[in-house]
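Asks: Sequence lines, in order, name chains A and B.
Residue 1 is where the first sequence starts when you use this note's numbering, and the numbers rise one by one after that.
Residue 1 is where the second sequence starts when you use this note's numbering, and the numbers rise one by one after that.
Please note that a few of the clues may not be correct.
Covered by chain A, per the in silico footprint, the following chain B stretches (three or more residues, Cβ under 8 Å) [claimed, not checked]:
| # | stretch |
| --- | --- |
| 1 | 35 to 42 |
| 2 | 45 to 58 |
| 3 | 79 to 86 |
None of these hints come from the bench; they were simulated from the model.
For each residue, glycine too, the CB sits at the ideal point set by N, CA and C.
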Amino acid sequence: DQQVKQNSPSLSVQEGRISILNCDYTNSMFDYFLWYKKYPAEGPTFLISISSIKDKNEDGRFTVFLNKSAKHLSLHIVPSQPGDSAVYFCAASPRRTDSWGKLQFGAGTQVVVTP
Amino acid sequence: NAGVTQTPKFRVLKTGQSMTLLCAQDMNHEYMYWYRQDPGMGLRLIHYSVGEGTTAKGEVPDGYNVSRLKKQNFLLGLESAAPSQTSVYFCASSPGTGYGYTFGSGTRLTVV
Chain A
1 DQQVKQNSPS LSVQEGRISI LNCDYTNSMF DYFLWYKKYP AEGPTFLISI SSIKDKNEDG
61 RFTVFLNKSA KHLSLHIVPS QPGDSAVYFC AASPRRTDSW GKLQFGAGTQ VVVTP
Chain B
1 NAGVTQTPKF RVLKTGQSMT LLCAQDMNHE YMYWYRQDPG MGLRLIHYSV GEGTTAKGEV
61 PDGYNVSRLK KQNFLLGLES AAPSQTSVYF CASSPGTGYG YTFGSGTRLT VV
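Put together the whole structure using the sequences plus the hints.
Replies: Take a look at the structure:
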């Protein structure tokens with residue numbers, strides 16, 4: 001039973017436009033959330049994270065929004081660039097349980113940025 | 001370059017064969033993890049370790065064993081490979097709880 005869900009397996013966006021990736025979770029104990037980016041034949045690389053005490057975190061072109069009441073987070077990429085074409089994984093971890101530190105991942109969203 | 005190194009990168013096994021995947025990190029991280037990635041399933045945790053000499057089961061541990069005899073190395077073993085273990089395996093490490101992971105580049109394993 002997947003506790004982290006990315007319901008859009010793929011997203012196509014034009015260069016310069018905004019990419020919005022969505023992630024839903026079911027475990028109310030999750031309170032640390034991360035996004036990873038993965039290119040083919042490489043391991044995932046850390047992109048941005050957010051703690052449950054915040055509802056927004058920005059890092060350059062990347063912003064993550066967290067809506068705890070809806071158990072939903074999203075990643076915004078503005079503006080999208082061709083190098084952003086990759087698979088993006090949402091991940092979450094519960095802090096105050098024996099699962100603390102073990103990330104659970106969504107299935108990923110393939111982003112394609114077209115010229 | 002500092003990071004997480006996985007060997008081998010590719011391997012084809014026959015059903016019933018055994019093998020060991022090696023993960024090495026040079027960042028002095030305490031925690032290490034083995035995940036498998038399958039289409040539509042994301043990354044699923046197989047086993048993990050919170051320090052030298054310790055190991056614990058993750059979400060999908062059956063058919064795998066692990067050892068962490070040295071802090072920098074985390075080995076994943078398949079005693080009797082099955083086609084269901086065809087996957088891409090990723091090792092990761094982290095300094096501790098509350099930190100993101102650093103991943104290796106993966107091992108693509110095919111069991112025929």
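Asks: All hints are to be evaluated individually against the structure, with a verdict given for each.
Replies: We went through each hint and held it up to the structure:
Figure legend: the stretch 35 to 42 of chain B, annotated as covered by chain A; annotation consistent (4 residues with Cβ-Cβ distances under 8 Å, at least 3 required). Only when three residues or more bring their CB closer than 8 Å to a CB of chain A does the claim for the stretch 45 to 58 of chain B stand; here the count is 4, and the claim holds. Counting residues of the stretch 79 to 86 of chain B whose CB lies closer than 8 Å to any CB of chain A gives 0, which falls below the minimum of 3, so the coverage claim is violated.
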